[in-house]
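Chain residues, written in single-letter form:
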Amino acid sequence: MRVLAVCGMGLGSSLVLKMNIEKIMEQEGIEGSVEVKDLSSIMGEQADYIFASEEIGEKIEHPAEVISVKNMTDKKEIKEKVLAAYKKL
Amino acid sequence: MILDLLKKKNIAVNIKADDWEEVVDETGKLLLEADQIEERYIKAMKQSIIDNGPYVVIGKGIALLHARPEDGVKENCLSLITLAEPVEFGNKNNDPVKIAFAFGTVDNEKHVKTISELSVVLMEESAVDNIAEKESAEEILNYIEDILAQQ
Chain A
1 MRVLAVCGMG LGSSLVLKMN IEKIMEQEGI EGSVEVKDLS SIMGEQADYI FASEEIGEKI
61 EHPAEVISVK NMTDKKEIKE KVLAAYKKL
Chain B
1 MILDLLKKKN IAVNIKADDW EEVVDETGKL LLEADQIEER YIKAMKQSII DNGPYVVIGK
61 GIALLHARPE DGVKENCLSL ITLAEPVEFG NKNNDPVKIA FAFGTVDNEK HVKTISELSV
121 VLMEESAVDN IAEKESAEEI LNYIEDILAQ Q
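In order, the protein sequences belong to chains A and B. Quick note, the first sequence lines up with residues 1 to 89 if you use the numbering used here. Quick note, the second sequence lines up with residues 1 to 151 if you use the numbering used here.
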């Protein structure tokens, strides 16, 4: 599963999101990668899913499905969303 | 890593702030006084919130403030304030903010390690409330150290 974690600059929230998604993928034995991107550099990037905050998610135009995360430090929310995304692949 | 950057001088507890801009000022001030950023970095952190929205409130009660390396960062740095009264940032899911971190980065490799550890701390159940309740920088540092030691 190839995931992009996106925020305005690719330094803060997207990095926290990446760490937390990676942790869940590792725990669940999901193979793949999570890469951090800022909003301006996602075009042309191949991905199965894009994870971002709701505010950033609304601004994203990309062929991959955008999954918005309300609370980036909530293990439960991220786990549910990662598992649901993985099942749909 | 996080404890190499987050020193006592970078932490202030029970800070009074009336609005989100004051939260940015107070968190940024700790980095400015430590000579780790230029004053314009604080303005850039505010501008980023104005431009990108209040998604800096990354989790319940917690703001992660920053701008870009070229906005006046002198070295990798991290500060933390806890608020006397929670402050609204306009984030519908995670307001009000009880604790705020500000960081600056010029070395991405080190920065990734810092954020990685910070994520571990913040994913801990009730971490934000536990940090917000602490009465001193020492107590906060001990708490963070304990969480990281369990990893």
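Errors might be hidden in some of the hints.
Claimed, not checked - What the simulated footprint calls covered on chain B by chain A, stretch by stretch (three residues with Cβ under 8 Å from a Cβ of chain A suffice, anywhere in the stretch; the number is not a length):
# : region
1 : 3-11
2 : 40-52
3 : 97-111
No wet-lab data here; the hints were simulated from the structure. We treat Cβ as the ideally placed atom computed from N, Cα and C, and that holds for glycine.
field: Those earlier numbered hints the structure runs against, lowest number first
entry: 1
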